[in-house]
Amino acid sequence: MSYCLYCHESYSKAWSWEVLIGLEVSPLLCQDCEGRLVSVKGEICRICGRDFSIFPEQYRQGDCCFDCIRWEENESWTGILQQNRSLYVYNDFMKELIAKLKYRGDAEVVKAFYPVLSSEFKKISRDAILVPIPLSEERHYERGFNQAELLAGGLKKQVESLLKRKIHEEKQSKKTREERLSQKENPFEVVDSVKVKDQKVILVDDVYTTGSTLRCAAKVLIEAGAKEVSSITLAR
Amino acid sequence: MRFVSLFLNNRLTIAPEILVNDSSLKAVPFGELSTLEQPPLNPTFQYDKKLQQILYGKQLLFDELPFTVDQIQLHYENGYVKYSHGICKTSNGYLCSRCGNEKSRLFAMFSCFCCKNDNCVYCRNCIMMGRVSECTPLISWSGPEVRWSRGNKLHWNGELSSGQQVASKEFVERFGSDGKLLIWAVCGAGKTEVLFQGIEKALNLGLRVCIATPRTDVVLELAPRLKAVFPNTIIASYYGGSEERETPAQLVISTTHQLYRFKQAFNIMIVDEVDAFPYSYDKSLQHAVSRAVTPKHFLLYLSATPSKTMKKAAMNERLPCVKIPKRFHGFPLPVPKMVWGGEWKRRLEKGKLPAPFLKWLKAQGESGRRAMIFVSSVSVLEKLSELINRVVDVPVDSVHAEDPMRKEKVIQFRNEEIQLLVTTTILERGVTVPFLDVAVYGADHDVFTESALVQIAGRAGRSKDDHNGDVLLFHYGKSLSMIQAINHIKNMNKEAGI
Chain B
1 MSYCLYCHES
11 YSKAWSWEVL
21 IGLEVSPLLC
31 QDCEGRLVSV
41 KGEICRICGR
51 DFSIFPEQYR
61 QGDCCFDCIR
71 WEENESWTGI
81 LQQNRSLYVY
91 NDFMKELIAK
101 LKYRGDAEVV
111 KAFYPVLSSE
121 FKKISRDAIL
131 VPIPLSEERH
141 YERGFNQAEL
151 LAGGLKKQVE
161 SLLKRKIHEE
171 KQSKKTREER
181 LSQKENPFEV
191 VDSVKVKDQK
201 VILVDDVYTT
211 GSTLRCAAKV
221 LIEAGAKEVS
231 SITLAR
Chain D
1 MRFVSLFLNN
11 RLTIAPEILV
21 NDSSLKAVPF
31 GELSTLEQPP
41 LNPTFQYDKK
51 LQQILYGKQL
61 LFDELPFTVD
71 QIQLHYENGY
81 VKYSHGICKT
91 SNGYLCSRCG
101 NEKSRLFAMF
111 SCFCCKNDNC
121 VYCRNCIMMG
131 RVSECTPLIS
141 WSGPEVRWSR
151 GNKLHWNGEL
161 SSGQQVASKE
171 FVERFGSDGK
181 LLIWAVCGAG
191 KTEVLFQGIE
201 KALNLGLRVC
211 IATPRTDVVL
221 ELAPRLKAVF
231 PNTIIASYYG
241 GSEERETPAQ
251 LVISTTHQLY
261 RFKQAFNIMI
271 VDEVDAFPYS
281 YDKSLQHAVS
291 RAVTPKHFLL
301 YLSATPSKTM
311 KKAAMNERLP
321 CVKIPKRFHG
331 FPLPVPKMVW
341 GGEWKRRLEK
351 GKLPAPFLKW
361 LKAQGESGRR
371 AMIFVSSVSV
381 LEKLSELINR
391 VVDVPVDSVH
401 AEDPMRKEKV
411 IQFRNEEIQL
421 LVTTTILERG
431 VTVPFLDVAV
441 YGADHDVFTE
451 SALVQIAGRA
461 GRSKDDHNGD
471 VLLFHYGKSL
481 SMIQAINHIK
491 NMNKEAGI
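Residue numbers (my numbering), protein chains in the order written: chain B, 1 to 236; chain D, 1 to 498.
Hints are computed from structural coordinates only; laboratory data are not their basis.
Just so you know, these numbers come straight off a predicted model, no measurement behind them.
Where hints are given, some of them may not hold.
Stated by the list, open to error - Keeping only pairs whose Cα atoms sit at most 16 Å apart, straight-line, the calculated EDC-like set for lysine to aspartate or glutamate is:
1. Lys95/B x Glu402/D
2. Lys116/D x Glu96/B
3. Lys409/D x Asp397/D
Unchecked claim - Using C-beta positions, here's what the derived DEER-type ranges look like:
4. Leu20/B x Ile483/D: 42 to 50 Å
5. Val25/B x Met128/D: 39 to 47 Å
6. Asp198/B x Met405/D: 52 to 60 Å
7. Gly22/B x Arg225/D: 57 to 65 Å
8. Gly477/D x Ile124/B: 37 to 45 Å
9. Met128/D x Asp32/B: 16 to 24 Å
10. Trp15/B x Arg390/D: 33 to 41 Å
11. Pro356/D x Met1/B: 35 to 43 Å
12. Asp32/B x Ser91/D: 29 to 37 Å
13. Asp32/B x Arg11/D: 51 to 59 Å
14. Gly477/D x Ala14/B: 23 to 31 Å
Stated by the list, open to error - Per the computed footprint, the stretches of chain B lying under chain D, defined by three or more beta-carbons under 8 Å from a beta-carbon of chain D, are:
15. 78-88
16. 101-107
C-beta atoms are modelled at their ideal positions from N, C-alpha and C, and glycine is treated no differently.
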């Protein structure tokens, strides 16, 4: 018997061959909590990895969503972020879960996703270096940890903190899309460009919302000589 | 956080690392400071009145106080604030001194940026109130006490029933010294009114009173009633998301969870619905209560369905007890009727309703009376309310614990904007609506224990003008709990002599 890492209820996993030989992995959550997660699967946007099954058809063009087309059409952002892949849809339950993790400070919640993260992203992270999206010094102190760093830890690979934030700014979640997109200055800078040069980089963050945080981070990495930059997030 | 030890006015004291600009001093995680010597009170220090009002009788984290670390530290150095450890090591693990958790699975470690410890232990049990970790100091007030006004007047000219009078008198006469009392009152006996005189007396003696209840709904219902009858008293309600937490109140109405924020605050603690806790919960509730009261205190338990342990204690006279078996309006409690509902669960999965239930629904729709329909789980709730919506043409809605609109929906139901409210057991207590019928869909399910069913039945017939609401238990085979609940209600009616 195990205890759910989110609600603390006890549960036991259904037994099956797939589970036993490691073909099927699931988060360390009880059936109720797991049932409230929606995995991203089936048809997705080629770039941002959003699930097309829950996305209005009219905002889609071929294998790309309008948001990504808008990004790609803007010359300064073309090809900056190669692709993003996420595990779950950012639904109400995911919002609650991330709030518990970030704002209440329950770092342990992340561990529920370790088995899924490592099996799901083994392939795409093989020859890349993992870089978590950093927090500002001040926010990091306030929270005690960086959730992106904890998530990156679940990929069972060396994690390199090659980015840092220049200034302490307002929380992204308190801004509208317009505000986020209109930010002129890039909040990130590369700590060690030598390590980045000609490398394939995978950024790790908790949520992909508008994609502007990840694209800003990708941009400074490309400018520092990275070969290509993609990203992995828990929720989309 | 990390602290440094340094000499201040010839005394060894501690200060948060971030406030000290001397890199020669070694900073250590707060948890590693073994003895915390409290600086003596400096009588000439001008302390902040607002900090005193917020912090008095409480134990909070830095993040919970609208003051800078600097301001708080200054009060510490002058002896007005005390720091203590949040997580303590025990012989076989850890103890959270805020919530009393000792279960090792509810502690976790993380690499902490504040104390630079790779294995900083924190409590997951009370995480919803902000993280208490090894390196987090709990902050309490050690300066002068807050003085309460003595001009608290009870503005109420209602009349107590004979049963209420006995209980009220017992409460008034017993406190003043240590002790406890159980008031065992049927649903609808009018427990709140029983408290009025005792609370008035206590407030005027300068005592601080708390009414703790397990449910937010009850806090929301009680607070305005008490504010109306004690207009000159500062009253604050505490629940997740309440905005009155900074009010220095002499009378506090709190959910039992929020009690964790208090320390040695209350002379009189009234624990409402003391049985509403699952068995395993008992210990942490006891911890919260024992933390929140002053060393000398009076404990009043209120319940319509006391637990076995409590009934036994009352019978052995270890716990003084007064019973109010009659409702305040003098009419008997409605006795639930059992109705065969067939395979209610399978029918629901097939998108159908049992015939007797359907018949009742239609009748309810025609009569225009409000009804609460209790179900065993959220999944049943969703399916059932959708089906009901299809068969009757009256406003139907549903509510459960995590419903963000819960507060609003209960108000709408009260205002007759919703006629049929499908609910999980969260509304089994406290909610009082006149002209109400009650149904339980799937009453044989395990969640409907004897006390749950007694409480649910107790929702009906609350007003004098409508003292005989229907209580129907739709089931697929009688359960022991159903039979026990019916006997319980019949016995209470018998004891009341009706």
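Hint check:
no. : hint                            : result
1   : Lys95/B x Glu402/D              : holds (13 Å)
2   : Lys116/D x Glu96/B              : violated (28 Å)
3   : Lys409/D x Asp397/D             : holds (8 Å)
4   : Leu20/B x Ile483/D: 42 to 50 Å  : holds (45 Å)
5   : Val25/B x Met128/D: 39 to 47 Å  : violated (29 Å)
6   : Asp198/B x Met405/D: 52 to 60 Å : holds (54 Å)
7   : Gly22/B x Arg225/D: 57 to 65 Å  : holds (59 Å)
8   : Gly477/D x Ile124/B: 37 to 45 Å : violated (54 Å)
9   : Met128/D x Asp32/B: 16 to 24 Å  : holds (18 Å)
10  : Trp15/B x Arg390/D: 33 to 41 Å  : holds (39 Å)
11  : Pro356/D x Met1/B: 35 to 43 Å   : holds (39 Å)
12  : Asp32/B x Ser91/D: 29 to 37 Å   : holds (35 Å)
13  : Asp32/B x Arg11/D: 51 to 59 Å   : holds (54 Å)
14  : Gly477/D x Ala14/B: 23 to 31 Å  : holds (28 Å)
15  : 78-88                           : violated (count 0)
16  : 101-107                         : holds (count 4)
The structure shown violates the earlier hints numbered 2, 5, 8, 15.
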